[in-house]
Amino acid sequence: MRLDPFYPIFDSADWIARMLPYGMKLVQLRVKDRPEAEIAREIARARKLCAEAGCVLVVNDYWKLAIAEGCDWLHLGQEDLDTADLGAIRKAGLKLGVSSHDEAELERALALAPDYVALGPVYPTILKQMRFGPQGLERLGEWKRRIGDLPLVGIGGISLERAPGVFAAGADIVAAVTDITLNAHPEGRLKQWVAATREHAA
1 MRLDPFYPIF DSADWIARML PYGMKLVQLR VKDRPEAEIA REIARARKLC
51 AEAGCVLVVN DYWKLAIAEG CDWLHLGQED LDTADLGAIR KAGLKLGVSS
101 HDEAELERAL ALAPDYVALG PVYPTILKQM RFGPQGLERL GEWKRRIGDL
151 PLVGIGGISL ERAPGVFAAG ADIVAAVTDI TLNAHPEGRL KQWVAATREH
201 AA
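Numbering (full-length UniProt numbering), first residue to last: 1 to 202.
Quick caveat, the hints were computed from the structure, so don't treat them as lab data. Keep in mind that a hint or two might mislead.
Claimed, not checked - Listed next, the in silico DMTMM-like pairs over lysine to aspartate or glutamate satisfying Cα-Cα at most 25 Å (straight line):
hint	residue 1	residue 2
1	Lys25	Asp149
2	Lys32	Asp11
3	Lys91	Glu36
4	Lys95	Glu36
5	Lys32	Glu69
6	Lys95	Asp149
7	Lys95	Asp72
8	Lys144	Asp80
9	Lys64	Asp85
10	Lys32	Asp80
11	Lys48	Asp61
12	Lys25	Glu199
What the hints assert, rightly or not - Here are the simulated distance ranges between beta carbons:
hint	residue 1	residue 2	range
13	Pro134	Ala195	20 to 28 Å
14	Thr178	Gly136	17 to 25 Å
15	Arg198	Leu150	19 to 27 Å
16	Asn183	Asp102	29 to 37 Å
Note that the structure is a prediction, hence the values are computed from the model and not measured. We put the beta carbon where it would ideally sit given N, CA and C, even for glycine.
Let the sequences and hints guide you as you build the complete structure.
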């Protein structure tokens with residue numbers, strides 16, 4: 001299955017419901033610091049919304065809940081890998097995306113035979129404190145040469161204006177967070193992203 005090249009990330013099912021009418025076909029639900037029962041409800045609702053809209057939902061981090069709710073995709077950061085049961089994840093049929101920031105993390109990710117690898121932050125990001133600095137476009141190219149046909153996601157500090165350079169550097173998929181959620185008109189911004197990335201979806 002080929003993933004859409006535009007990969008928005010939202011922290012609630014409300015955001016997903018708000019944006020689904022505007023053409024997104026791939027989305028990550030990344031919920032942090034909320035009670036597990038509430039997160040389970042968010043995942044269940046997001047899964048239903050995305051299934052009805054024909055959108056691929058990727059659940060960040062909560063692999064047990066993703067399995068319990070019958071989800072298809074999971075994204076794990078390097079810290080998440082320390083505690084995740086990869087055998088149970090694969091047995092449940094979940095496809096897996098993995099974050100990477102340096103050579104050692106890339107090797108660890110590739111050893112898991114993931115369904116995509118993410119590299120970030122490509123640019124400085126305000127989303128969260130990172131122990132890694134910006135990776136830059138050159139490293140995106142290095143990663144792509146290393147992983148070949150495996151999809152590469154560029155994430156971190158990416159705006160609509162920066163996206164063409166990220167694709168040109170080697171990314172197959174570009175993730176966006178604050179460029180949408182902090183925009184004065186999020187729906188309009190998402191529509192711009194969809195239109196701008198259609199050429200990469202063929």
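Checked hints:
no.	hint	in the structure
1	Lys25 x Asp149	holds, 21 Å
2	Lys32 x Asp11	holds, 7 Å
3	Lys91 x Glu36	holds, 23 Å
4	Lys95 x Glu36	holds, 22 Å
5	Lys32 x Glu69	holds, 18 Å
6	Lys95 x Asp149	holds, 16 Å
7	Lys95 x Asp72	holds, 6 Å
8	Lys144 x Asp80	holds, 23 Å
9	Lys64 x Asp85	holds, 9 Å
10	Lys32 x Asp80	holds, 13 Å
11	Lys48 x Asp61	holds, 19 Å
12	Lys25 x Glu199	holds, 14 Å
13	Pro134 x Ala195: 20 to 28 Å	holds, 27 Å
14	Thr178 x Gly136: 17 to 25 Å	holds, 19 Å
15	Arg198 x Leu150: 19 to 27 Å	holds, 23 Å
16	Asn183 x Asp102: 29 to 37 Å	holds, 31 Å
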